[in-house]
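There are 2 protein chains.
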Amino acid sequence: MDLDVVDCDDLPMPRVSQDHLDARRRQILYGSRACFARHGYEGATVRRLEEATGLSRGAIFHHFKDKESLFLALAEDDAHRMAEVVAEQGLVQVMRNLIAAPPDVEGDAHPSYLLGTRLEVSRRLRTDPDFRARWAERSKELTVATRERLARQRAAGKLRDDVDIDVLTSYLELVLEGLVSHLAMGLPADDLEPVLDLVEESVRRHSARA
Amino acid sequence: MDLDVVDCDDLPMPRVSQDHLDARRRQILYGSRACFARHGYEGATVRRLEEATGLSRGAIFHHFKDKESLFLALAEDDAHRMAEVVAEQGLVQVMRNLIAAPPDVEGDAHPSYLLGTRLEVSRRLRTDPDFRARWAERSKELTVATRERLARQRAAGKLRDDVDIDVLTSYLELVLEGLVSHLAMGLPADDLEPVLDLVEESVRRHSARA
Chain E
1 MDLDVVDCDD LPMPRVSQDH LDARRRQILY GSRACFARHG YEGATVRRLE
51 EATGLSRGAI FHHFKDKESL FLALAEDDAH RMAEVVAEQG LVQVMRNLIA
101 APPDVEGDAH PSYLLGTRLE VSRRLRTDPD FRARWAERSK ELTVATRERL
151 ARQRAAGKLR DDVDIDVLTS YLELVLEGLV SHLAMGLPAD DLEPVLDLVE
201 ESVRRHSARA
Chain H
1 MDLDVVDCDD LPMPRVSQDH LDARRRQILY GSRACFARHG YEGATVRRLE
51 EATGLSRGAI FHHFKDKESL FLALAEDDAH RMAEVVAEQG LVQVMRNLIA
101 APPDVEGDAH PSYLLGTRLE VSRRLRTDPD FRARWAERSK ELTVATRERL
151 ARQRAAGKLR DDVDIDVLTS YLELVLEGLV SHLAMGLPAD DLEPVLDLVE
201 ESVRRHSARA
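Residue numbers (the UniProt record's numbering), protein chains in the order written: chain E, 1 to 210; chain H, 1 to 210.
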């Protein structure tokens, strides 16, 4: 991710402020992503977030109400990045990227921090309905993008047409769930490429099936 | 699970002892399963395990070396039960049972305790190679049963024959992984029946495909 910090003195005032705020926000997200990946949600203390972002707690919490909001902003960020890949290449490609990328690249677009924080997130999803609602809100962009991509594929005659698009969406999300869980447990992913081929093929139209 | 406690006084001595030991072992597994489900792995203290099983710590740890061994015995027990269903009906049926059974039946054959302990298990799998090895050892019966079932299905002409059996096995295990994760997060499963139909269909032979 490019931090792209703007030199605020060279630009007219209102624009400067917005650019500066955006850059700060990106700086915080970038550093805290690495911090969550390394230390987990609970372990990413305010002090560590300060170190990882190079900013004071005052600056950090000027942009994000609290640690949970910061974390959910990362989840939203991820969902947004994934949704972009989904729109162009489908959810199976998101999964291929997950198993292809080294899972320990910190601060990268790779949602590796998810692997470090996933267990805590899962526990909160399980026990905290309010968090579950906020998380679902942040994640739904991915579901929407998946459904829309499948609808376009169907319109183009590339998708099987004997199964409802909502079912295909749930199917792909369930496999993604399994894959993230698999990676989060530190299990090897090097034999999963042909499995993803099978997943992809199972939502496609087959001339013989039509 | 039927505790089936044998009245030890009516039987010849060596047989009694073994029956009694077996019954005790089942009693411990039965009670501790409920205890792990309710309190999680860390929360299932020795005191709570005593209460849940109705036995002293001495009696419990006479049968199981330590809490981890007890927990892994439950994992083995689960893998064994699931392997039995797999042998007869396949891994997709195991998944159907998971979404059909009420997930909060305590002490039941339903591996609901997995949902309560899964996060801790996942963390240990991720961070403790020794535990990962012991867990893999306990779980492999399920993989073996799945592979054997698929081989029989292929021999019977019911399985697609254009994809390697190891790939199909990994595929089904990945979906199971996703399903357990989904349930562990407390997400609704009532729309997943048609998804499992799709999973089942995707490993089957299709006359049109052959």
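One or more hints might be untrue.
Intra- or inter-copy, both count: the list cannot distinguish identical chains.
Stated by the list, open to error - Pairs of lysine to any residue residues, derived as SDA-like cross-links and limited to a Cα-Cα distance of at most 20 Å, are as follows: (1) Lys140 / Gln18; (2) Lys140 / Ala189; (3) Lys158 / Leu198; (4) Lys158 / His206; (5) Lys67 / Ala151; (6) Lys140 / Asp190.
No lab work stands behind these hints, which were simulated from the structure alone. All figures in this text were calculated on a predicted structure; none of them were measured in a lab.
Task: Homomeric proximity label, Lys140 with Ala189: Cα distance no greater than 20 Å - done: Result: close only across copies, 17 Å inter versus 26 Å intra.
Open item on the list: As a check of your reading, is Lys158 near His206 (CA-CA no more than 20 Å) within one copy, between copies, both or neither?
Closed with: Both: 8 Å inside a copy, 19 Å across copies.
TODO: Up to 20 Å between alpha-carbons, please classify Lys140 paired with Asp190: within, between, both or neither.
DONE: between (29 Å within a copy, 19 Å between copies)
TODO: Classify it for me, Lys67 with Ala151: is the Cα-Cα distance of at most 20 Å met within a copy, between copies, both or neither?
DONE: neither (37 Å within a copy, 50 Å between copies)
Task: Status of Gln18 relative to Lys140 across identical chains (alpha carbons, at most 20 Å) - done: neither (27 Å within a copy, 56 Å between copies)
Task: Intra- versus inter-subunit Cα pairing at 20 Å for Lys158 with Leu198 - done: Cα proximity of Lys158 and Leu198: in one copy and across copies (15 Å, 17 Å).
Violated hints, in rising order: 1 and 5; the structure is consistent with all others.
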